[in-house]
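A.B. asks: Each chain, letter by letter, is given below.
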Amino acid sequence: GAGVSQSPSNKVTEKGKDVELRCDPISGHTALYWYRQSLGQGLEFLIYFQGNSAPDKSGLPSDRFSAERTGGSVSTLTIQRTQQEDSAVYLCASSLSLNNEQFFGPGTRLTVL
Amino acid sequence: AQKITQTQPGMFVQEKEAVTLDCTYDTSDPSYGLFWYKQPSSGEMIFLIYQGSYDQQNATEGRYSLNFQKARKSANLVISASQLGDSAMYFCAMRVVYYHGSGNTGKLIFGQGTTLQVKP
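Here the protein sequences come in this chain order: A and B.
Basically my numbering = 1-based index in the first sequence + 472.
Basically my numbering = 1-based index in the second sequence + 9.
Same shape as in the complex, but just chain B (with noise of 0.2 Å):
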């Protein structure tokens, strides 16, 4: 069975500090690709990063990067220098492609998320 796993429901953190967020997935599948998604307050999921299974270097958006560690099945989201903009919930996703039915399918199985706050 796919699954995520975001053990940590809330987390702090001060202004101009770096935060990681944790991430864990199982999967048998040997291709899967793992996301993270920003959700604040208004609601509207925004895509993050992105990391293949078949990436050999970590993926690094702007103040975001991922910290995949392919053997223990992590992919944590770390992000540097936290702007107040930051605080919102904080998903990790995985896709795994599988035919089903008449056809491929690639969709998300999310974690339950994280709620990040950062104070000033």
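Next comes chain A alone, as it looks inside the complex (with noise of 0.2 Å):
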């Protein structure tokens, strides 16, 4: 079956641009997950989706970083008046529940120039 997908694959914007990135995940997977890889960073986790609400986004940077998640199905993370510190590769990643193991999807590039 279909894994998990996001788009773009790549986005190269400017400072200060607005930016959404877009997550469909597997289908019946209640839960979902969006993380941050940076070479910095490593992995962090950005928000959880388990259906529509979000139980734990304590892992959003900034304000300037919302996601949603509509009809438990596709996630959108936008991230407003991008910064350079925002490059990095965003990661969704879906699970069937909060207990089974996580699949990821290819990423989304971003670079903010």
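Calculated directly from the structure, the hints in this document are not laboratory data.
Mixed in with the good hints there might be a few duds.
Said to hold, decoys possible - Listed next, the in silico DSBU-like pairs over lysine-lysine satisfying Cα-Cα at most 35 Å (straight line):
#  : chain 1 : residue 1 : chain 2 : residue 2
1  : A       : Lys529    : B       : Lys12
2  : B       : Lys79     : B       : Lys12
3  : A       : Lys529    : A       : Lys489
4  : A       : Lys487    : B       : Lys12
5  : A       : Lys529    : A       : Lys487
6  : A       : Lys483    : B       : Lys82
7  : B       : Lys12     : B       : Lys128
8  : B       : Lys82     : B       : Lys25
9  : A       : Lys529    : B       : Lys82
10 : B       : Lys25     : B       : Lys128
11 : A       : Lys529    : B       : Lys25
12 : A       : Lys529    : A       : Lys483
13 : B       : Lys82     : B       : Lys128
14 : B       : Lys79     : B       : Lys25
15 : B       : Lys82     : B       : Lys12
Claimed, not checked - Across the chosen pairs, the derived CB separations fall in these ranges:
#  : chain 1 : residue 1 : chain 2 : residue 2 : range
16 : B       : Gly52     : A       : Asn572    : 32 to 38 Å
17 : A       : Gln555    : B       : Ser50     : 25 to 31 Å
18 : A       : Leu568    : B       : Gln121    : 39 to 45 Å
19 : B       : Gln126    : A       : Arg494    : 33 to 39 Å
20 : B       : Ser51     : A       : Arg494    : 16 to 22 Å
21 : A       : Ser499    : B       : Ser40     : 24 to 30 Å
22 : A       : Leu568    : B       : Ser89     : 25 to 31 Å
23 : B       : Leu93     : A       : Gln555    : 37 to 43 Å
24 : A       : Asn482    : B       : Lys128    : 27 to 33 Å
25 : B       : Ser37     : A       : Glu540    : 43 to 49 Å
26 : B       : Lys128    : A       : Asp490    : 43 to 49 Å
Said to hold, decoys possible - Output of the computed footprint for chain B on chain A, the stretches with three or more beta carbons under 8 Å from beta carbons of chain B:
#  : segment
27 : 490-496
28 : 521-535
29 : 572-584
All C-beta atoms, glycine included, are put in the ideal place defined by N, C-alpha and C.
Join the two chains into one complex using the hints; note that each chain is given alone, in its own frame.
C.D. replies: Given below as structure tokens:
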């Protein structure tokens, strides 16, 4: 079956612009996670969705970052007024439930000039 | 605080030999899960193997096995009969399910990773 998909695969933007990153989880997976991978910080958790609600937003680095999930499926991570330090690979993962293994998408590489 | 430590930034192994990648963890929670992921140069994170804290036996998945030593808080990955395609970055991760905000969360905490290179 289809795995987790993310779009775009690459995004180059100018400092100050807003960007939207999309994640399509595996069908039927109720849990969805966003992580960020950067050279200096390794892999960091951003936000967790169970269905459409986000019980854990503790990893969002600032109020410029937000995310939503609709229909218990697709999720969008939005970064407003991008900064150069936002440059990273943004990874989405989904799992059948909280206690199952997480399957990752291919990531979106964001470059802020 | 919960933490994962991978002390080997880089490792080399000869093709067809076995290799052990180290991982130690720190948590005070009695219930947790330990994971290993492989990240080839393409960037995708590939799930390899899982060990639950209450599992009595070490997990195995094909050529991958997890050497789980609970008292030492270690969860080393053993890859048998290395292949050239095993060259990649390997991440150890821990999940502790706990209540946060308005519900439970099961985020993964990752180590810094180990780059494995398999020599022909």
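A.B. asks: Hint by hint, note whether the structure agrees.
C.D. replies: Hint-by-hint comparison with the structure:
no.	hint	in the structure
1	A:Lys529 - B:Lys12	holds, 19 Å
2	B:Lys79 - B:Lys12	holds, 15 Å
3	A:Lys529 - A:Lys489	holds, 23 Å
4	A:Lys487 - B:Lys12	holds, 33 Å
5	A:Lys529 - A:Lys487	holds, 24 Å
6	A:Lys483 - B:Lys82	violated, 40 Å
7	B:Lys12 - B:Lys128	holds, 31 Å
8	B:Lys82 - B:Lys25	holds, 29 Å
9	A:Lys529 - B:Lys82	holds, 28 Å
10	B:Lys25 - B:Lys128	holds, 9 Å
11	A:Lys529 - B:Lys25	violated, 44 Å
12	A:Lys529 - A:Lys483	holds, 24 Å
13	B:Lys82 - B:Lys128	holds, 30 Å
14	B:Lys79 - B:Lys25	holds, 29 Å
15	B:Lys82 - B:Lys12	holds, 11 Å
16	B:Gly52 - A:Asn572: 32 to 38 Å	violated, 23 Å
17	A:Gln555 - B:Ser50: 25 to 31 Å	holds, 27 Å
18	A:Leu568 - B:Gln121: 39 to 45 Å	violated, 28 Å
19	B:Gln126 - A:Arg494: 33 to 39 Å	holds, 34 Å
20	B:Ser51 - A:Arg494: 16 to 22 Å	holds, 19 Å
21	A:Ser499 - B:Ser40: 24 to 30 Å	holds, 29 Å
22	A:Leu568 - B:Ser89: 25 to 31 Å	holds, 29 Å
23	B:Leu93 - A:Gln555: 37 to 43 Å	holds, 40 Å
24	A:Asn482 - B:Lys128: 27 to 33 Å	holds, 32 Å
25	B:Ser37 - A:Glu540: 43 to 49 Å	violated, 34 Å
26	B:Lys128 - A:Asp490: 43 to 49 Å	holds, 46 Å
27	490-496	violated (count 0)
28	521-535	holds (count 8)
29	572-584	holds (count 8)
Of the hints listed earlier, those the structure fails to meet are numbers 6, 11, 16, 18, 25, 27, in rising order.
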